[in-house]
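Trainee: Protein chains in written order, with my numbering: chain W, 1 to 353; chain Y, 1 to 353; chain R, 1 to 415; chain S, 1 to 415.
The hints are simulated quantities; they were obtained by calculation from the structure and are not laboratory data.
One or more hints might be untrue.
[Unchecked claim] Capping the alpha-carbon separation at 25 Å, the derived lysine-lysine pairs in BS3-like fashion look like this:
#: 1; chain 1: S; residue 1: K57; chain 2: W; residue 2: K190
#: 2; chain 1: W; residue 1: K221; chain 2: S; residue 2: K354
#: 3; chain 1: R; residue 1: K18; chain 2: R; residue 2: K29
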Amino acid sequence: MSKTDIGPPYFKELVPPIIAKNYGDWDYHEIVQPGVLKHVSKSGDELYSVRVGGARLISIDRVREYCDIADKYCDGYLRFTSRHNVEFLLSDKSKLQPLLDDLKERKYPVGGTGHSITSIVHTQGWVHCHTPATDASGVVKAVMDELIDYFTSMTLPNQVRIALACCLNMCGAVHCSDIAILGIHRVPPKVDHERLPKICEIPTTIASCPTYAIKPDPKRKSVKINEEKCMYCGNCYTVCPALPILNTDNDGISIWVGGKVANARGNPRFSKLVIPYLPNTPPRWPETVEAVKNIVEVYAKNARKYERVGEWIDRIGWERFFKLTGIEFTDKHIDDFFPGRATFRTSAQFTYT
Amino acid sequence: MSKTDIGPPYFKELVPPIIAKNYGDWDYHEIVQPGVLKHVSKSGDELYSVRVGGARLISIDRVREYCDIADKYCDGYLRFTSRHNVEFLLSDKSKLQPLLDDLKERKYPVGGTGHSITSIVHTQGWVHCHTPATDASGVVKAVMDELIDYFTSMTLPNQVRIALACCLNMCGAVHCSDIAILGIHRVPPKVDHERLPKICEIPTTIASCPTYAIKPDPKRKSVKINEEKCMYCGNCYTVCPALPILNTDNDGISIWVGGKVANARGNPRFSKLVIPYLPNTPPRWPETVEAVKNIVEVYAKNARKYERVGEWIDRIGWERFFKLTGIEFTDKHIDDFFPGRATFRTSAQFTYT
Amino acid sequence: MVKKEPESETPLLDELEKGPWPSFVEDIKNAAKKSPMSRDLLRQLELSYKEKIGHWKHGGIVGVTGYGGGVIGRYSDRPDLFPEVTNFHTMRVNMPTGWFYTTERLRKVCDIWEKFGSGLTNFHGSTGDIILLGTTTDNLQKTFDALSDAGFDLGGSGSALRTPSACIGMARCEWACFDTLQMCYDMTMKYQSELHRPMWPYKFKFKFSGCGNDCVAAIARADLSFIGRWRDEIQINKDAVKEYAASGLNIRADVAALCPKKCIDWDDVRKELTIHSEDCTCCMHCINVMPKALRPGKDRGCALLIGGKAPILKGAQLSSVLIPFLEEEKLQPPYEFVCDLIEKIWDWWDENGKMRERVGELIERVGMRVFLREMGLKPVPQMVYEPRSNPYFFWWPEEIGLEITKDEEEDETNE
Amino acid sequence: MVKKEPESETPLLDELEKGPWPSFVEDIKNAAKKSPMSRDLLRQLELSYKEKIGHWKHGGIVGVTGYGGGVIGRYSDRPDLFPEVTNFHTMRVNMPTGWFYTTERLRKVCDIWEKFGSGLTNFHGSTGDIILLGTTTDNLQKTFDALSDAGFDLGGSGSALRTPSACIGMARCEWACFDTLQMCYDMTMKYQSELHRPMWPYKFKFKFSGCGNDCVAAIARADLSFIGRWRDEIQINKDAVKEYAASGLNIRADVAALCPKKCIDWDDVRKELTIHSEDCTCCMHCINVMPKALRPGKDRGCALLIGGKAPILKGAQLSSVLIPFLEEEKLQPPYEFVCDLIEKIWDWWDENGKMRERVGELIERVGMRVFLREMGLKPVPQMVYEPRSNPYFFWWPEEIGLEITKDEEEDETNE
Ligand code: SRM
Ligand code: SRM
Ligand code: SRM
Ligand code: SRM
Ligand code: SF4
Ligand code: SF4
Ligand code: SF4
Ligand code: SF4
Ligand code: SF4
Ligand code: SF4
Ligand code: SF4
Ligand code: SF4
């Protein structure tokens with residue numbers, strides 16, 4: 001048997017020499033061009049990082065291709081970012097242009113820095129998860145095909161972070177993204193009374209429901225669901241597979257905007273619901289692509305420099321946001337999950353536009 | 001038997017002729033001096049209103065005295081304000097100074113306009129209510145004795161609305177005041193198991209508890225209280241007199257600040273807890289008087305023109321408020337009544353001062 | 001020892017006769033001279049001051065014939081010591097809208113109260129009523145009859161409509177965007193029965209403020225708040241603007257910079273003010289500071305907000321936007337649209353509300369979406385500061401083409 | 001009819017090979033060439049695309065010897081159609097801190113996965129792990145053994161500590177206020193057992209960001225978020241400020257006006273910038289815009305925030321301030337203060353948390369005051385945006401000199 005609890009490789013053994021040397025001693029940085037960062041240390045050393053977008057779901061051959069590139073231009077050093085881009089790390093400036101040329105040839109998008117749209121943080125979807133209300137990789141691919149020019153340029157008012165999660169578990173920072181694409185179910189789970197007693201623990205199943213919609217059904221040694229109280233979160237299904245919730249016709253996508261994580265200027269905040277439902281339309285989800293694009297474009301046109309999506313809406317007000325984007329406001333936008341009242345406009349301040 | 005459902009006298013029969021004439025036709029106003037408003041109509045007519053503070057709890061002889069004054073200077077017209085001041089309404093400017101002189105002689109405070117502290121909205125207290133945790137009129141008298149110079153002048157950054165309620169029922173706009181003085185109980189009610197079954201309805205009593213602290217006690221046909229869950233709101237006592245909550249040693253006063261009602265600039269908002277407890281120290285409640293005065297003075301010194309108390313704190317931050325006032329921050333300030341989390345600072349933005 | 005004055009019955013309260021602010025103790029003492037009730041009130045209050053505790057209890061329901069409210073029953077818990085306040089009930093008298101009086105009418109109230117009551121009052125109660133503070137059970141009907149003869153009527157109490165109130169509005173204020181006083185009066189008259197005969201889950205309050213300054217604190221205290229607004233542009237008198245500037249007002253700092261939407265441009269060279277009205281939220285600040293130069297627009301009306309209340313039971317609520325704009329026509333007799341809506345709200349609340357559940361709490365419990373649907377009102381973004389951030393939302397059965405099973409034996413405690 | 005190409009097995013997925021963004025379908029197809037598993041994955045995915053529904057189920061617990069986590073068990077619900085993915089489990093491999101690799105090490109991972117797995121991966125999972133996407137139950141242990149020999153270990157899953165992650169920090173960023181990478185690595189090593197052996201009520205996550213920009217999104221996703229800050233003044237390089245001004249940066253509009261606390265004065269004549277540091281909240285904006293001119297202060301450390309998480313169960317939470325400042329000393333080995341606190345938190349949560357209750361939800365349920373008391377931490381205003389507005393607060397028994405009766409048979413559903 002092999003050793004356990006050895007932990008990850010020590011990162012200091014994996015960083016390029018220029019980082020080892022200048023660790024903690026960086027002075028400033030510049031974005032040389034979209035996708036190319038230059039960090040200058042107090043010693044004067046210069047590190048170039050070239051950021052490349054990709055499909056996060058990749059084959060080992062793709063990884064090997066990254067390795068080939070890193071071997072050729074970066075003395076074998078590379079990293080990934082917290083949003084799953086690859087970064088090629090160069091200490092030799094003369095190799096920068098050749099690297100960029102090579103990447104271009106391979107049709108790898110270089111960008112994602114500064115006021116751009118970087119890669120979409122996303123999840124498993126139909127590829128590997130059991131609760132998804134939509135696919136992850138496919139939607140992301142379709143959206144990025146449309147937005148790629150924002151990846152390779154830096155023309156937006158500020159960065160726009162897009163994330164996707166295929167169900168309410170929200171694996172990723174979907175709940176705090178400039179634009180979030182969230183898979184949702186829309187019908188209550190159907191109780192499989194036959195399997196349930198065998199494979200599920202009843203108290204845990206009951207406790208799993210945020211809205212107390214699940215009650216014991218002692219006669220059948222099962223549970224029953226008060227469908228009127230169910231808002232299809234799927235949590236009961238996570239703890240009890242005998243409560244299937246996936247649904248071909250009613251599952252789909254919702255769109256949320258205005259969240260952020262950084263403390264810069266406005267406080268970190270959640271994304272807010274803007275489109276309650278778009279249908280699942282594989283393989284290219286045109287409605288979702290269009291919806292995201294529309295929001296990005298309206299933002300690009302109207303926001304002031306440095307305003308994140310949520311900060312822009314802060315300034316103009318949500319009533320204006322709905323008007324500018326042409327998105328319909330519905331009763332679903334009004335928070336009714338206790339304590340939703342905090343969002344009610346308890347003020348006579350608003351505009352009519 | 002007399003007529004019922006006749007409603008109040010029609011106000012238009014009670015307004016002075018100048019108001020009847022210029023109703024809906026006013027053009028602008030000026031505050032001539034503290035307590036004296038001049039409203040000018042489009043027709044050029046001028047109405048002077050002289051505002052006088054008083055103890056809201058007054059005898060009919062006092063009311064008659066007001067009438068005497070109104071008869072003498074105002075052709076018998078007067079009104080009261082939404083904050084319980086008297087307003088003498090003059091259409092004859094020449095009577096203004098004599099009226100003011102007369103009021104001065106009677107030691108009636110004239111003021112409460114503009115950037116002042118107007119009368120304290122308050123409630124019944126020990127004078128007439130059954131749930132009070134403190135007195136109302138006495139505390140108000142003691143505080144206003146100290147703050148009267150702010151009533152008769154207009155030197156503050158903006159108006160400061162003070163209100164008092166003697167229990168959590170909050171009769172008045174205490175929950176949205178610049179400074180609120182709120183009577184609080186601090187021990188759970190004691191169940192009078194003998195009287196309870198006779199005079200209270202058990203389900204109503206149980207339902208009256210916001211924190212679900214009350215349970216049935218079927219054996220005694222009464223209820224029991226989980227004291228750990230009780231936060232002494234007194235609501236159960238309101239619906240069931242057999243749950244006495246008044247307590248000589250532990251009742252007292254809490255201080256809340258930063259609320260407002262007007263939409264001007266910042267949105268309407270609740271007052272926030274700043275001093276969880278001050279003892280009941282009749283007849284003059286020196287701790288409460290001192291606490292209110294301190295807050296007013298720190299505000300007067302630090303706020304910018306037009307900033308209400310809450311808007312000032314918005315700008316400087318609560319950490320600074322606690323520092324400037326020297327008030328201690330405790331675990332009671334942190335909201336733990338569901339959904340208190342909305343107030344948690346989910347940001348790395350704050351100052352250390 | 002030096003000889004002292006005869007000892008006061010109320011040494012503690014006497015301390016409250018000192019100081020510059022008018023003293024309620026002086027007034028109680030004054031009333032006590034003529035009224036034994038007031039004297040016992042004074043003495044009982046002194047006991048409260050000594051013991052730091054109240055001495056009133058609530059008890060049997062008292063009132064006047066034909067009404068279910070308007071009287072607050074109160075009983076001393078020490079009738080042994082203070083027999084005159086054994087019962088000492090308060091009457092709420094509906095004030096004239098706007099709290100306007102002629103001395104003649106006011107003196108009538110005093111005379112009645114001298115005859116039948118303690119001679120003590122509150123001008124006014126915090127809902128707005130004239131509070132006639134304390135009389136015996138026997139005298140309630142007599143007082144009422146005399147008041148009625150003098151043209152006064154009782155205000156609300158209990159689970160009824162409460163006495164509506166309004167800011168001074170058009171009677172004196174240049175900013176009133178609708179006629180708060182008239183509407184308040186008309187509503188009071190129309191709903192006399194609802195006001196006098198409690199029959200709902202809990203209390204219900206209306207308040208009317210002519211503009212966003214909300215001088216009657218409606219948003220904090222009323223189940224339905226009518227708050228004046230306009231839909232077009234703020235009216236600017238350019239010359240008056242220049243005069244303000246000349247007179248030393250710092251328009252940039254005190255007006256433009258404080259606009260919550262930063263929609264005011266100030267040109268310090270030309271002394272010109274521009275307002276981007278499409279961004280203006282009618283907050284009133286700029287108008288407040290420059291009353292001679294700026295005025296609300298011409299297309300006036302009000303916003304209707306719902307749900308304001310004090311903390312009991314589930315926490316305080318400020319009213320929140322229900323209808324962003326009611327046009328002037330709707331705010332004039334016969335108020336058809338408004339009254340229809342009010343009555344619809346009452347019916348729904350009456351049917352669905354639990355005991356002691358205000359309408360705002362009911363809406364919170366069942367969800368705004370249910371309420372809007374029942375009322376036939378359209379959801380609009382003005383209703384919220386921001387859309388929801390949690391993904392826990394519901395679909396209507398017809399939206400997903402499903403029948404939803406409802407559990408009838410629903411346990412309510414979980415909600 | 002014209003003769004067509006041999007029909008594709010995956011007409012729908014083929015559509016996703018089009019377009020400029022790198023295609024995952026291309027990579028799956030690529031893997032499918034060598035791996036039958038990947039081929040069945042591709043075919044099952046096509047079915048999902050057709051039916052608009054997932055085809056995975058969770059089932060029996062799978063794993064490697066000695067560990068309770070690190071593997072996500074997954075089973076096809078159509079093993080009849082896709083036998084090669086009858087079981088198709090994912091392995092989470094703890095990434096090197098900061099996601100740094102040498103090609104040598106990275107190729108090793110590829111080789112192992114070529115041998116034992118589907119050849120498909122995620123670089124990386126959203127917690128940060130290397131995701132080795134899909135293999136059979138049999139191959140799990142083999143993969144692990146090979147990984148271990150290559151110096152890799154599994155990451156977290158289940159009710160365990162999850163793989164901690166950190167922003168790139170001192171490795172490349174001039175703003176790192178503490179050594180995020182080293183601390184993340186040290187914590188990962190110290191808590192290997194907590195990471196590999198689930199034993200808590202639910203999952204627990206650490207994330208480390210070197211400054212308020214929070215490039216690892218800690219505040220939104222970590223139960224404990226370490227976010228770099230300083231306590232003294234922003235360092236200003238006056239010459240560099242002048243250069244920015246000269247180069248055309250609009251310092252008034254783009255820097256000063258956007259400071260959330262408006263604590264930057266810009267003198268456009270002298271081209272001088274003054275920061276009122278006592279008001280600065282370390283938001284990072286000004287530094288972000290002028291990296292050559294402004295730098296975090298010298299007295300550096302971090303804020304510790306608690307409770308971040310996704311919506312399940314009671315709604316999403318952002319982390320909230322627990323300790324406003326941890327000095328640099330506390331953020332270096334042996335991290336005594338921090339580790340003591342972490343372990344105290346775990347113990348308390350482990351003892352009091354319900355199943356599937358994150359620490360932030362537990363704190364919300366029992367009250368921050370209880371948590372702070374148990375931890376021996378002082379309440380400070382930095383913990384809240386504002387103090388409470390409801391009057392429903394508690395006193396400790398000793399504060400009111402009372403013994404409080406606790407109801408032991410407490411029904412929990414009401415909470
Ligand atoms: C490489 C990476 C860290 C890592 O360890 O991998 C990183 C690196 C840098 N970030 Fe970041 N950030 C990275 C994820 C993030 C995240 C996390 C996320 O998106 O999930 C955030 C929070 C996003 C949010 O608020 O929702 C983040 C918010 C920022 C900000 C704040 C921007 C703002 O105004 O709101 C800055 C400041 C700036 O860009 O001027 C920043 C600045 C920087 C700087 C300039 C820091 C420096 O001096 O080196 C780095 C280059 C930025 C650039 O790309 O233009 N970084 N940065 C991450 C790259 C992700 C990617 O591939 O696109
Ligand atoms: C693989 C990954 C998504 C991805 O494609 O990157 C993932 C996948 C799953 N997550 Fe997650 N989560 C992943 C990161 C996250 C994150 C993001 C993070 O860690 O920064 C979150 C939000 C942050 C948080 O923890 O709150 C997240 C919040 C959840 C939740 C909701 C937890 C909550 O308290 O609200 C669940 C539900 C659960 O635990 O039962 C969940 C459950 C799951 C399960 C285990 C679903 C299940 O019950 O079986 C998914 C397994 C999918 C699969 O087949 O492999 N996953 N999950 C991420 C882990 C990869 C890695 O180790 O690097
Ligand atoms: C008489 C009265 C209405 C009535 O029907 O009785 C009234 C009358 C006026 N109010 Fe008011 N307000 C009156 C209660 C209120 C209230 C309600 C309350 O305090 O309970 C508020 C909301 C307070 C709050 O926000 O907490 C109120 C917030 C205002 C404001 C907003 C000030 C601000 O900047 O926040 C203005 C505008 C101003 O003062 O410039 C205002 C302006 C005015 C004007 C100037 C309106 C006008 O053009 O005539 C009146 C004279 C103001 C003055 O006293 O300086 N009035 N005003 C009330 C006098 C109360 C008193 O005796 O002191
Ligand atoms: C007299 C008055 C206080 C005063 O001194 O001015 C008053 C006095 C009482 N209020 Fe009030 N409330 C008075 C205005 C208010 C207001 C202010 C308002 O109406 O604008 C409020 C807050 C606004 C609101 O309605 O939410 C108010 C919120 C309450 C509550 C809590 C209601 C809630 O939903 O949270 C109670 C509790 C109850 O109804 O059981 C309450 C209950 C009471 C009772 C009836 C206590 C009781 O259970 O017997 C008090 C009777 C005192 C007495 O002995 O006369 N009183 N009460 C006010 C009525 C005078 C009038 O008619 O003009
Ligand atoms: S978001 Fe939901 S469906 Fe998607 S990977 Fe996470 S748990 Fe699975
Ligand atoms: S899907 Fe969610 S809301 Fe519906 S029953 Fe299951 S746990 Fe409850
Ligand atoms: S606040 Fe409480 S104690 Fe005071 S009058 Fe109102 S109900 Fe009575
Ligand atoms: S005082 Fe309030 S919290 Fe305590 S038992 Fe009574 S109703 Fe419940
Ligand atoms: S609310 Fe507006 S209209 Fe009414 S009195 Fe106050 S300022 Fe005038
Ligand atoms: S009313 Fe308020 S929002 Fe409108 S322009 Fe004036 S200050 Fe700005
Ligand atoms: S969080 Fe701060 S220190 Fe870390 S990489 Fe981002 S900008 Fe640099
Ligand atoms: S870091 Fe943020 S708060 Fe501090 S001075 Fe700069 S912009 Fe202002």
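Trainee: Evaluate each hint against the coordinates.
Mentor: We went through each hint and held it up to the structure:
For the proposed pair K57/S and K190/W, the alpha carbon gap of about 16 Å is at most 25 Å, so the pair holds. In summary, the hint linking K221/W to K354/S is supported, as the alpha carbons are separated by about 23 Å, within the 25 Å threshold. Note on K18/R and K29/R: the hinted pairing holds, with a Cα-Cα distance of about 14 Å set against a maximum of 25 Å.
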